[in-house]
Each structure stands twice: as C-alpha cells, then as structure tokens.
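Enquirer: Chain residues, written in single-letter form:
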Amino acid sequence: MHLNEPDAAEVQDLRVEIDGRALVDGVSLRVPPGRITALIGASGSGKTTTGLALLHEHPPGARVTGEIRVPDGLVGYVPQHPATVLNPARPVAALLQDIARTQIRHLPRRDRRTAIRQRILRALGQARLQDGETLLNRYPHQLSGGQQQRVVLAQALLTGAGILVADEPTTGQDAVTKQQIADQLAAVAREGIAVLLLSHDLEVVRALADHVHVLRAGRIVESGTPEQLWSRPQHSWTRALLTSAAATEPSEGPPVQNGTDETASGPAAATTVLRVRSLIARHGKSTVLRTPELLLPPGCSAIMGRSGSGKTTLARCLAGLHRSYDGEILLDGVALPRSLRDRTREQLAAVQYVFQDARAAFDEHRPVLDQVARSAIRLRAAPRTEALAEAERTLSTLGLPGDLVRRRPTELSGGELQRAALARALLARPRVLICDEITSGQDAVTRRSLRTLLAGLVRTHPELSLVLITHDRDTATLATRIAVLDDGHVVEQGPADELVTAPQHPLTAALLQPAPDVGVMSGMRG
Amino acid sequence: MNPRTVPGPRRFTLALLILTVPLLLALLGPLFAGEPGPRAASFTLGGGHWAGTDFVGRDVWRQVLLGGRPVVLTALAATALAYAVALPLGLIAALTHRRWLEELVMRPFDVLLAVPSLLFLLLVAAVLTPDAGGLALLVALVNIPDAVRAVRAATAEAAARPAVEALRMQGETWWRTAIGYVGRSALRTLAADAGVRLAGVLYLVATAAFLGIGAEPDAADWAVMVDRNRTGMFLQPWAVVLPAVLIMALTMGTNLLFDAALTRPDRGPGQDRRGRRPAADRGDQGTAPDRRDRGPAPDRVPQPGRTPAPPSPTDGPPRAPGRDEKSNPCI
Numbered sequence: 001m002h003l004n005e006p007d008a009a010e011v012q013d014l015r016v017e018i019d020g021r022a023l024v025d026g027v028s029l030r031v032p033p034g035r036i037t038a039l040i041g042a043s044g045s046g047k048t049t050t051g052l053a054l055l056h057e058h059p060p061g062a063r064v065t066g067e068i069r070v071p072d073g074l075v076g077y078v079p080q081h082p083a084t085v086l087n088p089a090r091p092v093a094a095l096l097q098d099i100a101r102t103q104i105r106h107l108p109r110r111d112r113r114t115a116i117r118q119r120i121l122r123a124l125g126q127a128r129l130q131d132g133e134t135l136l137n138r139y140p141h142q143l144s145g146g147q148q149q150r151v152v153l154a155q156a157l158l159t160g161a162g163i164l165v166a167d168e169p170t171t172g173q174d175a176v177t178k179q180q181i182a183d184q185l186a187a188v189a190r191e192g193i194a195v196l197l198l199s200h201d202l203e204v205v206r207a208l209a210d211h212v213h214v215l216r217a218g219r220i221v222e223s224g225t226p227e228q229l230w231s232r233p234q235h236s237w238t239r240a241l242l243t244s245a246a247a248t249e250p251s252e253g254p255p256v257q258n259g260t261d262e263t264a265s266g267p268a269a270a271t272t273v274l275r276v277r278s279l280i281a282r283h284g285k286s287t288v289l290r291t292p293e294l295l296l297p298p299g300c301s302a303i304m305g306r307s308g309s310g311k312t313t314l315a316r317c318l319a320g321l322h323r324s325y326d327g328e329i330l331l332d333g334v335a336l337p338r339s340l341r342d343r344t345r346e347q348l349a350a351v352q353y354v355f356q357d358a359r360a361a362f363d364e365h366r367p368v369l370d371q372v373a374r375s376a377i378r379l380r381a382a383p384r385t386e387a388l389a390e391a392e393r394t395l396s397t398l399g400l401p402g403d404l405v406r407r408r409p410t411e412l413s414g415g416e417l418q419r420a421a422l423a424r425a426l427l428a429r430p431r432v433l434i435c436d437e438i439t440s441g442q443d444a445v446t447r448r449s450l451r452t453l454l455a456g457l458v459r460t461h462p463e464l465s466l467v468l469i470t471h472d473r474d475t476a477t478l479a480t481r482i483a484v485l486d487d488g489h490v491v492e493q494g495p496a497d498e499l500v501t502a503p504q505h506p507l508t509a510a511l512l513q514p515a516p517d518v519g520v521m522s523g524m525r526g
Numbered sequence: 001m002n003p004r005t006v007p008g009p010r011r012f013t014l015a016l017l018i019l020t021v022p023l024l025l026a027l028l029g030p031l032f033a034g035e036p037g038p039r040a041a042s043f044t045l046g047g048g049h050w051a052g053t054d055f056v057g058r059d060v061w062r063q064v065l066l067g068g069r070p071v072v073l074t075a076l077a078a079t080a081l082a083y084a085v086a087l088p089l090g091l092i093a094a095l096t097h098r099r100w101l102e103e104l105v106m107r108p109f110d111v112l113l114a115v116p117s118l119l120f121l122l123l124v125a126a127v128l129t130p131d132a133g134g135l136a137l138l139v140a141l142v143n144i145p146d147a148v149r150a151v152r153a154a155t156a157e158a159a160a161r162p163a164v165e166a167l168r169m170q171g172e173t174w175w176r177t178a179i180g181y182v183g184r185s186a187l188r189t190l191a192a193d194a195g196v197r198l199a200g201v202l203y204l205v206a207t208a209a210f211l212g213i214g215a216e217p218d219a220a221d222w223a224v225m226v227d228r229n230r231t232g233m234f235l236q237p238w239a240v241v242l243p244a245v246l247i248m249a250l251t252m253g254t255n256l257l258f259d260a261a262l263t264r265p266d267r268g269p270g271q272d273r274r275g276r277r278p279a280a281d282r283g284d285q286g287t288a289p290d291r292r293d294r295g296p297a298p299d300r301v302p303q304p305g306r307t308p309a310p311p312s313p314t315d316g317p318p319r320a321p322g323r324d325e326k327s328n329p330c331i
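Line order of the protein sequences matches chains A and Z.
If you use the numbering used here, the first sequence corresponds to residues 1 to 526, in order.
If you use the numbering used here, the second sequence corresponds to residues 1 to 331, in order.
Chain A with its partners taken away, still in its complex shape (with noise of 0.2 angstroms):
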C-alpha cells in the first residue's frame, strides 16, 4: 500500500558524542510510513539517543554528526512518562488548542473555532481516546495514565507529523495496558504515519513492528523482520538478547513440588503464615479495599492486578506501612499491630518489604554494605562486625560482589540495588517477605535475572513465605498460589496452576495471557 512512496524519515551514519565517547556510532536506518520500526537494546545502548536526533535534540554539548532527513519536517514524540509533557496548570483543551491554532491561520476568523475543534477530535479519535469530548476540559492531573498518554499521542498527532517517535511506551505496564497501548501504535500506523518504536520490551516489538534493528553500544548490529530475527539470529548479540526474552527459563521453572503439597492440605488454615480478615483499608475518606478473606500459605504467593487496583495498598497494610484500615491481619495466629512503630521487634523482622523504586529506598550517603547489615545490627541485636560479615555473604549469593557493596548506591545500578534491597530484608531472616513490583520497570535482562533470584530463594529458603505484587506473568507464575485484584476486590485466588490454566475471571485471563496479540492487526496493513 505505501511501497513507493518516500520515506518519512532516512538516517545516514549518524554518529553522536560527547567528550570522546560515541553515544551513537555511525547508525543508518530508515523509516518507511504506514509502518512501525522498532530499535531494540539494552538501556543505554544508543536507542533514545536515536529518536531524539530525529528530532534534532542531541545532549548538551555533543558533536553530532551524519545527514538526518525528515522531508516532512515535522516528528511527533511520545515520552515513557507522558504526563510530564503535559502542563499541569491548563486544561487539555487549552493543550491542544494551542497546537491546532497554529494551523489554521490561513482561514478567516469565523471559520477557525469549528476548524479548531474538528482538528482536536480528529486528533482524538485518531488516538483512540474514548469520550474525548468530554475530557477536554479536564486537567492532566485528572486523567488516569491511559489517558494521558493517549492526549500525549493525540498533540503530537494533531502537529500533522508523519513520523512519530514512541519511547518506551509500554515498559511498566500490566499485560492489558500493554494490549491497549499496541492497538494504539497499530492504528496510528495504519493511518499511514510512520512509527518508530523505542522499546526493550520485546514481546510488544515482536508483535507490533515491522522491522527491527538491533543496538548495541551505539551500533545496529542487525536488522530484519520480527520472524527473521527470533527464528534465525546472525548476531551472537541478538541470540543472547532475544532468548533471555523467552517466557519462563524451563531450568528455573516455579516450584511445582511445594504448590502439590500445599494445596492438598484443604483448608491449609494451620500452615498459613498470614491471613487477613475483614480488610478495609482507606486512603483519607475513600475507600480503596476491601479484602474479607486473604490467605497466604508459606512458599511463594502472587498478587496480581492492574494499576490502582489496590495490591500495593494491601501489601503497605500486611508490612505496617499503611496504617488505616479496619479488619485484621493475623501473623500465625497473632494479629499483627497496624503500624510500625507499634510493633515489636520481633514483629518487625518477621515481616519485611522490598520497595519497587530500589533507589529511592536507599540511603545515597552511606556505603550499600552497611545499610544491609543495619537489618541485622537493629533487629537481631547482631554484634556489628557479625553483622557486616553476614550481609557480605547474603550479597554474595546474590550476585553482589564485596567491592561493589561497598560503595554507595549511586555507583550500582538498578538491578543491583534491588539486589541489595533483597538482601537487606533477608538479612532481619523474615517469615514473610513482601516484594512491590520489583521487576516492573526493568529491562528484559534484568527482569529475568531477579525473577531467577526469587525463584532460587524460595528454594534456599523454604521457611520464608515470599509475596509477589505484580501486574507481571512471568513473575506471577513464579508463584504456588495467586491472587487477582481489581478495583479494591479480590476477584480470584487459588493455586496458580489453576489460574493460569483455566482462569475464571477475565481479568485473570487478561493478565496471564501470554503476549499482546496484535495478529489480527499487522495481517490488515498493506
């Protein structure tokens, strides 16, 4: 359908550098409209460099050189976070009104309020934003994710670019947003504005692009179709890149032998390490759960759902951190005192969180190690030096060796620190651990190492009961048991076998379902 027509985007040897250093080293690719092209790699491989020098945005103080064509001039963009490139201080209309009256300067001045207004919804629809016209006059602060990014997409839509530059649009997302956010890319596709799709999170790539090239280091090393690719990867690069992206490792599959045992004792009541009963929690007035029975069995548990659906604010109730709720949790038996600082020692260490931001959760002034081994010194009343010894080893099971721990957290990476972060729950030797999405927002390697880490600690320790908050599959079935939230309810749970195989609630089926499937819609592009 579009063959023959010009390409909406051509990139010759581009090369960006900073200081010495290629950010970008001698990238050429081209951008065929009406289709998506995909740049997949590690983080920091040159990817988001790439897009933005499309749009002649390099890093302050980089030489930049290379033949960038854009005929049409114009390129849309659309951040991973898309509510920071919205002013929070004016109504979405006003946002794209401003686009569209630089438009319609050439008509006469009765004709521009509807010409303004056919163009807004034109742009709306275009981005498949439901009920556009009653969102104009909303704020951004008032819209759920979805939508902002769908009112981000619809700005740089409105500008007429025929190239678009998606970032990392689905990296965080649960396995229904992803679906959302790729029948988006693919419609605005079929319009016929080209796609440039910058992502790490393969299955979407694999689904939704047209052509894929490979970064590494500033370099493409390969490039092809999606089925060229995952079939027959030339590049030893691409093998390891593409196969750390298969689903669940079959060597560290989920510990099917603890998931028989437990479900065979029936109610399980006497093994459970932690119950909750008659939960409702709130955030000020509102009520945002309600959860009349919950059970935890010892092993590895999962609580799945979509975002806002309440598993974080169940998971801060079960570690103290969130302290108003009425009902009760019971640690075997005992209920455990709503909040922190009411809670013994002992309490404490047997009930430990690991944050989803590891970086925020460190303190960035002192050295990793003595953070870890702080768990132990506060409370087990550990000697220090006992204490130190400890967390060194704890960190090196984990993969940290001894000279990165004692640096500072600014000087390890995010995966790393969720790492330490793991460590230092482990370290108080909890009954429970709770994990808050730790591998959201990770890259495809770093997800698959952490998910190899939980899977190897259940078994290491077979008398911790670890929970998984998580909108994500593959960590989901990491898990014996499951539990489905949605909207503050718990609206499944049960041995995760059971649920992944024959789920009864479409939520459930819609996150566990293996990979966004825009099938359907590649077959209908020309």
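Don't read these hints as lab results, they were simulated from the structure.
Misleading hints may appear alongside valid ones.
[Claimed, not checked] Label pairs and their computed distance ranges (CB to CB):
#1 A:Gln118 / Z:Trp100: 45 to 55 angstroms
#2 A:Thr385 / Z:Pro30: 45 to 55 angstroms
#3 Z:Leu113 / A:Asp111: 50 to 60 angstroms
#4 A:Ser144 / Z:Val111: 40 to 50 angstroms
All residues carry an ideal CB built from backbone N, CA and C; glycine is no exception.
Following the hints, position chain Z against chain A.
Expert: For chain Z alone, coordinates are given in the frame of chain A:
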C-alpha cells in the same frame, strides 16, 4: 570574580580575603590589646594613637582589638541556639504522619513570624535589660520561627521518600533517621540557610548594640563604637569607619564563604552532563550487557574513576533513579 564560574579552591579566595581580617581581629585581638593607656582628649588624631581616640578619649585601635569578640561570639551563639531548637522541631514537623502534630508545631511559629524582630527586641530589652547572653537568647528566639520553616521545607521532600520507610522497617531509631538521613539529605539547603541567617543575626546584634541593648554604653564592641562615636565623625572619622568596615566585612565575608562552599565545583573533562565517566569496559565479554554508569548522582559530584570490575552476567543495565531519564526529551 564570580564564585560560580571559578573552578576549584580558587573560588574561596575572595571570601577568605574579606573574612580573614575581621575574624582574626575579633578572635585574636584581645591577646594583643595590652594595657589601656592614659585617657587623652576625645576625638583627636595622632599623638601616638594611629587611629585616633574615641568619644571618651580611649585609643580607638585598642577598642577595635577588644570589640570584635562580643559581636562575633554573640552572633555565633545566637545562630547556633536558633538551629539547636529549630532543627528538631522542623524534623518533627516534616517526619510526622500525624497532621495535628505538624499543625501544632508550625502554627504558633507562623504567629511569631508576624512580630517584627527589632520591635520585639526593643520591647523585651525595655522590660528586662539583658546582657550579652540574654541578647544572644533573644536574637535566637527571633530567628527560630523562620529557621523552623526553612528546616521543615528543606526536609519535607526527603522525609517522604521510601528510604525513610525502609529505615523504619529496619527498626532504626528516630534520631538516626531524622538527622542521619533526612537532615543529611537537606544539608546543602540548610547550610545555605545558615549562611543567610548568620549574616542576619550579625546585623541584628549590631543594631541591638546601636540601640543600647545587651551592651554597656561604653563597652568595647564594634557596634557600640559605631553608635557612640557618631557624634565626632567629622572630627575623627576612624572611630566610626574602622568598626563599621569591619562589621561589613564580617557579614559580606560570611555570605561569600557560604556561597563558595555551596558552589558545586565545575565538571572536569571526560564527563557528560550527568557526571558520567566513560565506561571502562565496553562489555564485549560474550553475553554480558554493557556495564554502564549508574545513572545521575544526586549531587552531581564527579564520580571517581572505577576499575573495570568483571560484569556479573545477569546484571542488567542501569535504571534511572526516580523519574526515568527518558521523560526528559532534552537529554
């Protein structure tokens, strides 16, 4: 010479130049003062007094040597006292989850803020006639509401971070969390505030002395000297000019010193905007991904060069702290 554009320790030069003379005179002056000479006629120049005599015929230079200490010590004591009270209160207000406690701490200070400081000083002085120690206390009291607000505002952001909750989960004591983490995170802001406050306190102490509060009318005190010797300024300017210049130099020098100390040193070569060093090894060991730099350091201090440690094969690339770096299109 703008401290902001001058790299390295040279940015301290101007501040130290201005500050050293009055500070040394103030702290070490009394050691060199010697015995008081015989009284001469007021407001005369020459005759062995190289700076002339003051309003009661004493040698001006000797008064200058003796007069710095009260000013400096009172100002330092007042500032230290103000922070000793404001820091815990501000931290309590920032760290508490109980709304009513925060209101209880902050609202009374809002009321006190409305009271003009000089008026307050005069009122209390009229009733109580304080000495130097009392003056320090009064000036501290006047500064506490402002300092509490500054401390609370500076620490509010750090107090809301997951790190504070993580410390609580470790059973960490309140003091170590508050001072060790939250206070430490807000150090730069608090240091900047301290600099401004010290200068303000110096001014207030000097003004109080002008008005006769906290010092004897004939005390050896720079501020008192400026006030008392005004009458003979056209006969003998040095009795006013010397102490005035010294007070000014003290205030300016303190300000410049804090400015220079808080200026981040310029980036050296080989680093990009976020203070990264080039990755030492480019990760061409098989399947290991590049072990790149770890994301922006919050203080943007240049990272020391790292020896290439063997990359762990399962380690992922860095994730930006908090807000993802990709949300800023201008990187």
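Enquirer: Which numbered conditions among the earlier hints are violated in the structure presented, ordered from lowest to highest?
Expert: No numbers; nothing is violated.
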